[in-house]
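Peer 1: Listed here are the chains, written in short residue letters.
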Amino acid sequence: GAGVSQSPSNKVTEKGKDVELRCDPISGHTALYWYRQSLGQGLEFLIYFQGNSAPDKSGLPSDRFSAERTGGSVSTLTIQRTQQEDSAVYLCASSGSLGAGNIQYFGAGTRLSVL
Amino acid sequence: AQTVTQSQPEMSVQEAETVTLSCTYDTSESNYYLFWYKQPPSRQMILVIRQEAYKQQNATENRFSVNFQKAAKSFSLKISDSQLGDTAMYFCAFMILQGKIIFGKGTRLHILP
Numbered sequence: 248g249a250g251v252s253q254s255p256s257n258k259v260t261e262k263g264k265d266v267e268l269r270c271d272p273i274s275g276h277t278a279l280y281w282y283r284q285s286l287g288q289g290l291e292f293l294i295y296f297q298g299n300s301a302p303d304k305s306g307l308p309s310d311r312f313s314a315e316r317t318g319g320s321v322s323t324l325t326i327q328r329t330q331q332e333d334s335a336v337y338l339c340a341s342s343g344s345l346g347a348g349n350i351q352y353f354g355a356g357t358r359l360s361v362l
Numbered sequence: 016a017q018t019v020t021q022s023q024p025e026m027s028v029q030e031a032e033t034v035t036l037s038c039t040y041d042t043s044e045s046n047y048y049l050f051w052y053k054q055p056p057s058r059q060m061i062l063v064i065r066q067e068a069y070k071q072q073n074a075t076e077n078r079f080s081v082n083f084q085k086a087a088k089s090f091s092l093k094i095s096d097s098q099l100g101d102t103a104m105y106f107c108a109f110m111i112l113q114g115k116i117i118f119g120k121g122t123r124l125h126i127l128p
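As given, the protein sequences belong to chains A and B, one line each in that order.
If you count by this note's numbering, then the first sequence holds residues 248 to 362, one letter each, in order.
If you count by this note's numbering, then the second sequence holds residues 16 to 128, one letter each, in order.
Just so you know, the hints here were simulated from the structure itself, not pulled from any lab data.
Treat the hints with caution; some may be incorrect.
Unchecked claim - Lysine-lysine pairs mimicking DSBU-like chemistry, simulated, CA-CA at most 30 Å apart:
hint, chain 1, residue 1, chain 2, residue 2
1, B, Lys-85, B, Lys-115
2, B, Lys-115, B, Lys-70
3, B, Lys-120, A, Lys-304
4, A, Lys-262, B, Lys-120
5, A, Lys-304, A, Lys-264
6, A, Lys-262, A, Lys-304
7, A, Lys-258, A, Lys-304
8, B, Lys-85, B, Lys-120
9, B, Lys-93, B, Lys-115
10, B, Lys-88, A, Lys-304
11, B, Lys-93, B, Lys-120
12, B, Lys-115, B, Lys-88
13, B, Lys-115, A, Lys-258
14, B, Lys-70, B, Lys-85
15, B, Lys-115, A, Lys-304
16, A, Lys-258, B, Lys-120
17, B, Lys-88, B, Lys-120
18, B, Lys-93, B, Lys-70
What the hints assert, rightly or not - The calculated label-pair distances, taken between Cβ atoms and stated as ranges, are:
hint, chain 1, residue 1, chain 2, residue 2, range
19, A, Thr-323, B, Gln-71, 36 to 46 Å
20, B, Glu-67, A, Gln-331, 32 to 42 Å
21, A, Ser-313, B, Leu-99, 39 to 49 Å
22, A, Ala-249, B, Leu-99, 22 to 32 Å
23, B, Leu-127, A, Gln-297, 42 to 52 Å
24, A, Pro-308, B, Leu-62, 22 to 32 Å
25, B, Ser-43, A, Ser-305, 17 to 27 Å
26, B, Pro-24, A, Ser-344, 28 to 38 Å
27, B, Thr-18, A, Gln-331, 20 to 30 Å
Just so you know, even glycine gets a beta-carbon here, dropped at the ideal spot from N, CA and C.
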């Protein structure tokens, strides 16, 4: 697509429910990244993919968080048993490759509100 | 640990004025990339400017320029002839490892008519 697409744009859920956030990167981009932006904070790096592989999962906040990417394209970030502290904007970005310095293009994010 | 510090949480300037946003960072690496991203109310992060640490020449993009002081680990952004559309959050960031960008907490910039 023309840009990075994320869905839904907003998600309200109850504490304890599972949620899935979707990211559709720019066509042809092999690298994909997930960040979390809590209220009034900068962006916190969560995980990146090169193709379908995620070499470093250490940025995920807890084992309730998982991410996958299939077909080298769409990625899903899943949060199980959501907690109120999970409320944030989740941003996805993609780049043409994984090399340092490659420009990351961001989507508009998913605002997650856990009640 | 690598960190990015933006000491100005919020700033306001009049339209057409020049404004400088400060950023300092801490790393023991010698080669890295520095970025300024803009986040308008639409939430989408937009790259404003990029600087490669091994290049001494400061990057410029139209009205946007940086003052990169490697020894001081400083990377400030200057916006000349500011416009109402420049109103946004501005994040300073750097990248060392492949793909992982470390962001500061941002400076909220208001351009006043």
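Peer 1: Going back to the hint list, which numbers does this structure go against?
Peer 2: none
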